[in-house]
Amino acid sequence: MKQKLTPKLTRRNKALLYVLGGFVILLYLISFVRMGQW
Amino acid sequence: MTASLISIDETFDADVQDYIDLLKPRVMSLVVFTGLCGLLMAPGSIHPVLAFSAILSIAVGAGAAGCLNMWWDRDIDALMTRTQKRPLPAGRIDPDSALAFGVILSMVSVMTMGVAIHWLAAGLLAITILFYIFIYTMWLKRWTPQNIVIGGAAGALPPVIGWSAVTGTVPLEAWILFGIIFLWTPPHFWALSLYRHDDYARAKVPMLPVTAGIEATKRQIVLYTVLLILLTLVPTVIGMATWVYGGFASGLGAGFLSLAWRVKLQDAVQPAMQLFAYSIIYLFALFLMMTLDRIFL
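Chains as they are written, first to last, in numbering that gives the first Met the number 0: chain A, 0 to 37; chain D, 0 to 296.
Worth flagging that the hints you see were computed from the coordinates, not collected in a lab. Owing to the predicted nature of the structure, the values given are computational and were not obtained by experimental measurement. A couple of the hints might just be wrong.
What the hints assert, rightly or not - With a Cα cut of at most 20 Å, we get these calculated SDA-like pairs of lysine to any residue: (1) A:Lys13 to D:Ile19; (2) A:Lys7 to D:Phe11; (3) D:Lys203 to D:Ala215; (4) D:Lys84 to D:Val15; (5) A:Lys13 to D:Leu78; (6) D:Lys23 to D:Leu78; (7) D:Lys23 to A:Arg11.
Using the sequences plus the hints, can you model the full thing?
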């Protein structure tokens, strides 16, 4: 019988991904502003 | 085998909510609000993205400090009814995870502030976090009844950081905001400690009612309340705010003093609970009025 080895993403890790994604977007925005392009 | 591998990090059964609780969201809301007020009161302008980054950095930095405070205090938190359901004493998060979470968020918040704003604001944020952890949590809290008086400096810095984010300086006006929160902190926490007296005694935390007694604490509450009210009028006197704010500050202050006086006269815990609740609304309302006054009048 084949067993699934990778667990589903937990709620905690999903939240972590969203937070990290948002932070990367924020860093992009900051760099745009700091470079005077916005 | 597979099942045990998958569940290995689930031993402590921490959910997202537990990590949010580690950031002390209610304390954070007051910190964010006063920081935002400092930012809005400062003369000059700041790009909305940078303003958002500054406030976010303050929020995350305050949360990280709260997290590290809970990591250090997990032994005494387990002894007090008010705090024993927190994620660490309740065993839902392991101490190492909380320590890592707090340290990483502290560094991220300071670095973000430095990159987005400038290193003065980042330095002030770093001082706030370090002061709260090393001076207040690790040193003063378990050692002296003046713990929250001196430790209050950490909670009073956010409006200074917010102000400096806009101007790049820390003028007298910003330090008046600092002073208001600094003088507000003792009556706020002593009101709490009056009706949580047994908790603090059990955990051997030298809060003023435990070491100096109930009556001495009540006298100190009234004394600090009077000093606080006087300082809240200074912005009007030096032209930092108009008499409209001055009127509101007087009214709010009169309410604070009458409650503090009731605490002093009565032995029941009810007035102390009311004073604690009122003090939170008071600080929100005072900063809101001063900010609106500076923006619109």
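Hint-by-hint comparison with the structure:
1. Under the criterion of a C-alpha separation no larger than 20 Å, the hint pairing Lys13 of chain A with Ile19 of chain D is consistent with the structure, at around 14 Å.
2. Note on Lys7 of chain A and Phe11 of chain D: the hinted pairing holds, with a Cα-Cα distance of about 18 Å set against a maximum of 20 Å.
3. The suggested pairing of Lys203 of chain D with Ala215 of chain D holds, with an alpha-carbon distance near 19 Å, which does not exceed 20 Å.
4. Only pairs whose Cα atoms come within 20 Å are accepted, and Lys84 of chain D paired with Val15 of chain D is accepted, the gap being roughly 16 Å.
5. Under the criterion of a C-alpha separation no larger than 20 Å, the hint pairing Lys13 of chain A with Leu78 of chain D is inconsistent with the structure, at around 34 Å.
6. A C-alpha spacing of about 19 Å is found between Lys23 of chain D and Leu78 of chain D, which places the hinted pair at or below 20 Å, so the restraint holds.
7. Distance restraint check for Lys23 of chain D and Arg11 of chain A: the Cα-Cα separation of roughly 18 Å lies within the 20 Å cut-off, and the hinted pair is therefore satisfied.
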